[in-house]
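So the sequences go chain by chain: A and B. In this text, residue positions in the first sequence follow the working numbering: the first is 6, and each later residue adds one. In this text, residue positions in the second sequence follow the working numbering: the first is 6, and each later residue adds one.
Derived from the structure by calculation, the hints contain no laboratory data. You may find that some hints are simply not true.
One copy or two, it doesn't matter: identical chains are merged, so the pair holds either way.
[Unchecked claim] Straight-line C-alpha distance at most 25 angstroms; calculated SDA-like pairs for lysine to any residue:
#  : residue 1 : residue 2
1  : Lys453    : Glu286
2  : Lys429    : Glu291
3  : Lys307    : Arg334
4  : Lys186    : Thr156
5  : Lys330    : Val274
6  : Lys453    : Glu291
7  : Lys453    : Gln259
8  : Lys305    : Glu31
9  : Lys231    : Lys243
10 : Lys186    : Glu291
11 : Lys231    : Ala277
12 : Lys116    : Phe350
13 : Lys256    : Ser355
14 : Lys256    : Arg334
15 : Lys231    : Asp443
16 : Lys460    : Val303
17 : Lys429    : Thr156
18 : Lys413    : Tyr339
19 : Lys99     : Lys124
20 : Lys453    : Gln273
21 : Lys124    : Leu262
22 : Lys453    : Ser288
23 : Lys429    : Asp447
Number of protein chains: 2
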Amino acid sequence: MRWSIINLDKFFKPESVAIIGVSSNEHKLGHVIFRNLMNNYKAKIYPINPNEGRIVGYKCYPSVLAVEDPIELAIIAIPSEAVIPAVNECVKKKIPNLIIISSGFSEIGNKKREEELRKIVEKNNINLVGVNCLGNYDAHTRFDSMFIPTTRLKRPRPGYISFISQSGALGAAVLDLLASKNYGLSKFISYGNATSLDESDYLDYLITDNNTKVICLYIEGVRDGKKFMQVAKKASLKKPVIILKGGVTEKGAQAALSHTGAMAGSSQVYSAVFKQCGLIEVSSLEEMFNIARILENVVKPKGNRIQIITNGGGYGILGTDSISKNNLRFAEMYPRTKNELAKKFPPLVSISNPIDLIGDADDERFRLAIEKCLNDPNIDIILTLLLPQTPLITENIVGTITKLNDMKKKPIIVVCTGGLFAQKIRSELDSKGVVCFDFITDAVSSIKRMCEYYKLG
Amino acid sequence: MRWSIINLDKFFKPESVAIIGVSSNEHKLGHVIFRNLMNNYKAKIYPINPNEGRIVGYKCYPSVLAVEDPIELAIIAIPSEAVIPAVNECVKKKIPNLIIISSGFSEIGNKKREEELRKIVEKNNINLVGVNCLGNYDAHTRFDSMFIPTTRLKRPRPGYISFISQSGALGAAVLDLLASKNYGLSKFISYGNATSLDESDYLDYLITDNNTKVICLYIEGVRDGKKFMQVAKKASLKKPVIILKGGVTEKGAQAALSHTGAMAGSSQVYSAVFKQCGLIEVSSLEEMFNIARILENVVKPKGNRIQIITNGGGYGILGTDSISKNNLRFAEMYPRTKNELAKKFPPLVSISNPIDLIGDADDERFRLAIEKCLNDPNIDIILTLLLPQTPLITENIVGTITKLNDMKKKPIIVVCTGGLFAQKIRSELDSKGVVCFDFITDAVSSIKRMCEYYKLG
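Just chain A, same shape as in the assembly (with noise of 0.2 angstroms):
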């Protein structure tokens, strides 16, 4: 079995593609994907199907072997039964990267197909993503050979955090809710059957990329454990890798069998490797990006002291009783960082942890009390909870918190909860690389695996 480090950069930025079965019916997954990547992407496009002369004004070719020049990367969306000869003719063409989109493989008990196509590519050092996925996508390239139409599946702005999975439907859902929240991506794998490359190779190639920060895993079962292990190991020494294992009930292990045929195995093994590893295990997908959010935006703290803002002592409370039951610690302000801000706010003001800056708070009381705890060295973090439905609390909050986060001097974590106008907020406080959350349960339990990823205790 080989194992080496397997560059995939031509799988995120090929200067030519073949796309294998473009038809001219709009709603066929070919069609979809030659529109993606002419509307969105430049290199040379070469769209393939024998029985179409052009498509959408573009030349069709009959097969790759009838393109002159040569072809980085060929995307097949064709049935399974005619995958392995066009397969043949990419090995003729020497295309030495593939995308199969197509299913029909082992996942419908079709074994022998599957592997007979993994040792054509094998024998033939060709990379093979898929068979049986959705594609994948690079936020900052704008390469996307995703099925879906950007209609139905909004894709994500640049940013930092790649997201790894089995599952195409799952990772389709999770870039559009990211796409929709305003989270940055890097780089999105959906690897299906895993038919040669895995879930190890993909994770490898990640540590080295530059453009990805933190690791997001989506996966169903290990298809070889030793050597996930050793690039899980070799992954978390580099860059945060947050796990979410489907399967991990014995009821989920059997219906993940059903799925990509995966034996999901015993959790507790997956749970003890995946420590062992220094991976960071996860149960939710809101969880995954809840914290990959965090450990992608915000400085490493010098420690859990936590310090709360607000203008609403309801939320303040909640905040508090949340930081409490989280085993996560209370900041006590500097004497100092006290007089100064008592010296500047009106008596109501409650300067304590919380700090309540109360119902009448604008953008400038904000303004000087994260300034002030952030120069105060007896405060690690600010947990911000901000209702912007008070109404001197204008949109000139984003410029004010983001000017202070850009100073990345201490995490400033951002609770905005409400309807439109706080969705506002929140949203363009996470395009400019503030973490923002709509509730504060979800806030504390993520700012609890961050100190525990650093080992702030």
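Put chain B on the given structure of chain A with help from the hints.
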């Protein structure tokens, strides 16, 4: 100490309202309240201000005593030092119901002034909501005494959940959130310092309110423990009462003391009391409204055997894990149901638990699966995990699921994850009484709480 059920109808559908302290400055609280009422509520409305002749075209009265007709309710939004003289005028005018928005009483140490006020209203048999509160709101009548403009705090649509909140800012954030999610609300009461009427009075009133199916309660402290327990026991026999206690930890209790002056007390004592009274205790606002929505909308299930229906294999696995972790039960379809579905579905569809309708599922495939599960006596609850990114799902899925849900045979709970299209589906389903969640974990833990409430083990 008086204690009888107090009729608070006039706080939600008064026929005549005076607003004491309406300035011509549109940013002032009194003006905002006046505008909201004028725009949305049909009644005789009298703005009161000795210094203004007309307010946005309406005659302004120097005092309630200058109004000839009787007044059922007065809303007072003036500086605290002017409150008692104004209340004395209300006494003279025989106004039986008061909402005092003004702050500046016991919460800043001004206990004498608040005690004097309490004596005046109780001596004259006046019902008082407040002081130091946000106001109240009825989504059915559209009566609205909240001082936040609708541009900042959208009002929720009519529904059957009522929310009593000690904290105003927290209440505002929750209402704004409910509105943006298209969740329904019945009555909202923010009661601040509880100068005269307290949490028990409001709870007592809602027991017999026909527009209230579920009662939600955010409290920081209980003023009269014995009274509260009696009312809570009575209430929970009639309808579900969900309670969130701020200040359940030692640090949180300290924060509560400086917020509303409430003695938060020991959390263990509170939890034990809540349980004894049949209340559903939650630890966050999101949890509160997730459970409330379920209890508001779904029919009581016969048992706790859950069937998953999904179009995403990975999502089916995570759903299965979540059910297992929450110690809920899996339904096992009758063989007849399986056979009927097998006849209608393509062979790749997995007819088990989960039912995996796979990536090319259309609305009709969902309809058929849900319909057959509704008719299978081995299934109690249907958990539909819908990933709307796959191309054959259309907006018609909303009508399809609503129609099945309207039969009120079994609870149908939907999870729909993603961006704009998913949000649209969720919002429309929720507005039609189909309970819909963003994430699996929230849905399953809420189902668990419902099963506990109905004692389905």
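ask   = When no copy is specified for lysine 453 and glutamate 291, does a C-alpha distance of 25 angstroms or less occur within a copy, between copies, both, or neither?
value = Classified as both: same-chain Cα gap 15 angstroms, cross-chain 19 angstroms, threshold 25 angstroms.
### Query
Is the C-alpha distance from lysine 429 to glutamate 291 at most 25 angstroms within one copy, between copies, in both cases, or in neither?
both (20 angstroms within a copy, 20 angstroms between copies)
Item to complete: Up to 25 angstroms between alpha-carbons, please classify lysine 186 paired with threonine 156: within, between, both or neither.
Response: For lysine 186 and threonine 156, the Cα distance is within 25 angstroms both inside one copy (16 angstroms) and across copies (22 angstroms).
Please sort lysine 256 with serine 355 into within, between, both or neither, judging by C-alpha distance up to 25 angstroms.
between (51 angstroms within a copy, 15 angstroms between copies)
| Intra- versus inter-subunit Cα pairing at 25 angstroms for lysine 330 with valine 274 | Cα proximity of lysine 330 and valine 274: across copies only (17 angstroms, versus 28 angstroms in one copy).
(message) Cα distance capped at 25 angstroms. Does lysine 307 pair with arginine 334 within a copy, between copies, both, or neither?
(response) This pair counts as within: shortest intra-copy Cα distance 13 angstroms, inter-copy 45 angstroms.
Practice task
Can you give me the call for lysine 124 and leucine 262, within, between, both or neither, at a CA distance of at most 25 angstroms?
Solution key: The answer is within: 24 angstroms in one copy meets 25 angstroms, while 71 angstroms across copies does not.
Which holds for lysine 429 with aspartate 447 at a C-alpha limit of 25 angstroms: within a copy, between copies, both or neither?
both (19 angstroms within a copy, 24 angstroms between copies)
Exercise. From the Cα coordinates, with 25 angstroms as the cut-off, is the pair lysine 453 and glutamine 259 best called within, between, both, or neither?
Worked result: Answer is between; shortest inter-copy Cα gap is 22 angstroms, intra-copy 32 angstroms.
First find the shortest C-alpha distance between lysine 256 and arginine 334 inside one copy, then the shortest across copies, and answer within, between, both or neither for a cut-off of 25 angstroms.
Intra 38 angstroms, inter 11 angstroms, cutoff 25 angstroms: inter-copy only.
Using 25 angstroms as the alpha carbon limit, work out where lysine 413 and tyrosine 339 are close: within a copy, between copies, both or neither. within (21 angstroms within a copy, 60 angstroms between copies)
message = My question is about lysine 231 and lysine 243: at a cut-off of 25 angstroms on alpha-carbon distance, are they close within one copy, between copies, both, or neither?
response = within (19 angstroms within a copy, 59 angstroms between copies)
Taken one by one, the earlier hints fail for this structure at numbers 8 and 15, listed in ascending order.
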